[in-house]
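Visitor: Working from the sequences, and respecting the hints, build out all of it.
Quick mapping for you: the protein sequence lines, in order, are chains Z and Y.
According to our numbering, the first sequence is numbered sequentially starting from 1.
According to our numbering, the second sequence is numbered sequentially starting from 1001.
Bear in mind the hints are in silico, worked out from the structure with no lab data behind them.
Remember, predicted model here, so these are calculated numbers, not experimental data.
From the three backbone atoms N, C-alpha and C, an ideal C-beta is built for every residue, glycine too.
Treat the hints loosely; a few may be bogus.
Said to hold, decoys possible - The calculated lysine-lysine pairs, modelled on DSS-like cross-linking and capped at a C-alpha distance of 27 Å, are:
1) Y:K1107 with Y:K1072
2) Y:K1072 with Z:K276
3) Y:K1155 with Z:K276
4) Y:K1068 with Z:K276
5) Z:K276 with Y:K1132
Unchecked claim - These stretches of chain Y come out as covered by chain Z in the derived footprint (C-beta under 8 Å, 3 or more residues):
6) 1071-1081
7) 1154-1160
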Amino acid sequence: MESLLNIGIVRWFDNRLPLLSYTQEQMMDYPAPRNLNYAWNFGSLAGLALVIQIVTGIVLAMHYTPHTEMAFDSVERIMRDVNYGWLIRYIHSNGASFFFIVVYLHVFRGLYYGSYKAPREVLWWIGLVILLCMMGTAFMGYVLPWGQMSFWGATVITNLFSAIPVIGSPIVEWLWGGFSVGNPTLTRFYALHYLLPFVIVGLVVLHLWALHHKKSNNPLGIDYKGPQDFIPFHPYYTIKDAFGVGVFLIAFSVFLFYAPNYMGHPDNYIPADPFKTPAHIVPEWYFLPFYAILRAIPDKLGGVIAMGLSIGVLFLLPWLDTSRVRSSTFRPVFKWFFWLMVVDMGILGYVGAMPAEGIWIIIGRLATAYYFLHFLILLPLIGWFERPRPLPDSIAKPVLSGGPVPGVGAAHDKA
Amino acid sequence: MAEHTIGAHEETRRDFLYVATGAVAAVGAACAVWPLIDQMNPSADVLAVSSTEVDLSPVQVGQQITVKWRGKPLFVRHRTEADIAEARAVPLEDLKDPQTDEERAEKPEWLVMVGVCTHLGCIPLNGEGDDKGAFNGWFCPCHGSHYDTSGRIRKGPAPQNLTVPGYGFIDDTTIVVG
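Guide: This is how it looks when you write it as structure tokens:
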């Protein structure tokens, strides 16, 4: 890059619009903590997943017809007749799941290492807004094939708004453009499904801006003491991220080529029928924990509020977590509760896939109660009562003075 | 104006101009946004009330037919004596959304209602081999709401009874809905 700037015309251009030197600063010279572990790979993987979704999505839009009479058949035509249509659609549908996998891992990494704490609160918020936009985009995209799950998923989710007192039904009819989910609903979902990914791109730019402004958190969760704590992003983390991409693509390919419908529902290969609800409707797996929370509350409005709060509470996380120590490595009590919370979300996801009857209702309620207990009560209390282990003096010190492996392992020995 | 020192704030005619300009711009923006919001509402052709005539004569006692009305299923049920007796024996205190069976069925043997669960819009089951729920009426498979033989919510997350639309009898065996 720098050698490119020795060429006269390149230097002339860069002097007027510093594209090249800006890229150099932000993507190559960017000072990254020297101790980042593999948990830090999921941000770049999420970026890759977003690009894959946009590219395959634009191609699919060239063959898809947004009309209730034709949508289902146009998707089947993509699968059977369009050259490589099956591949592109399977990349897009499995890509959505993989996007959520890497984003959820990215979020859990942030939760474990306290990446939401000062001075990165705004960075965290933007990430949550990206997650909400992803959910909206994924939901509307799932409606487009106009199968049974598309139709009834759209009906149930839009009906969530009818829980709002007084203005609920006018809002739902406004969303539908009629008295039920129909053609106006499909066409507007298509328009928004195409728009929102570009909104996400804009939010990602803000996310990276906030990140590069305050710099990355790291597995020790301590602040920087000097230049010895950093290494340039390129080549150290470009190569580490590239390795992650390889692993990601292998896992992706296993689903794509050997189980492309594993994460979908067979009911969505039945054309939408407004007169028949499938016996067992479930959302896509990435919505299951939230769906379980919705169903856990035996009151319509209460259920909707609880589901909204399950994400809303994450916005307050920087203040609910009262501990000054970021990384769980030095938080012996919190570490246990972190994993309990992960297990709790796993249980919620499992319950969300089960029918709303018998023992599942009780398990769902207990798991929902624990979810809120963790964030609203346990987290502030642990911060007050926990005695964190001593923090290392700097990022560089445990790496240079001790163990053979840089990062958390060395920090353990030190502490 | 010249005697005004920088930093000290006094109300001036310029402040008024700022506020007035801002207010007019806000009203203008709101007017410009409204068509963009309202275009999503149901259009006049969708709103035009479509009424549907239903011929009841072929519906046997104990049978239910489903008719399409405003894009939604309409349940028309010819109730048995046992259904009616069961619905009328329920004390109002037991109901989440209290309504007598007499209010819901103009003629006791005919129950006409919108077949859309008042929770999140699924279609409750009640047919051959279907789950009728714990109250012999309808059961919504999505989130487990149980309705009784009068279509009233008895158990589960739905907040209201199944909606009874406005309808009237033209003659003994024909109704007009809507």
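Visitor: So, for every hint listed, does it hold in this structure?
Guide: Each hint, compared with the structure:
Of the pairs offered as hints, the one joining K1107 of chain Y and K1072 of chain Y holds, with about 23 Å between alpha carbons and a cut-off of 27 Å not exceeded. Between K1072 of chain Y and K276 of chain Z the alpha-carbon distance is near 11 Å, which keeps this suggested pair within the 27 Å criterion. About 22 Å separates the Cα atoms of K1155 of chain Y and K276 of chain Z, which keeps this hinted pair within 27 Å; it holds. Note on K1068 of chain Y and K276 of chain Z: the hinted pairing holds, with a Cα-Cα distance of about 12 Å set against a maximum of 27 Å.
Simply put, K276 of chain Z and K1132 of chain Y have alpha-carbon atoms about 15 Å apart, close enough for the 27 Å limit, and the pair holds. Check result for the segment 1071-1081 of chain Y against chain Z: holds, 3 residues qualifying (beta carbon to beta carbon below 8 Å, three or more required). Only residues whose beta carbon comes within less than 8 Å of a beta carbon in chain Z count, and the segment 1154-1160 of chain Y has 4; three or more means the coverage holds.
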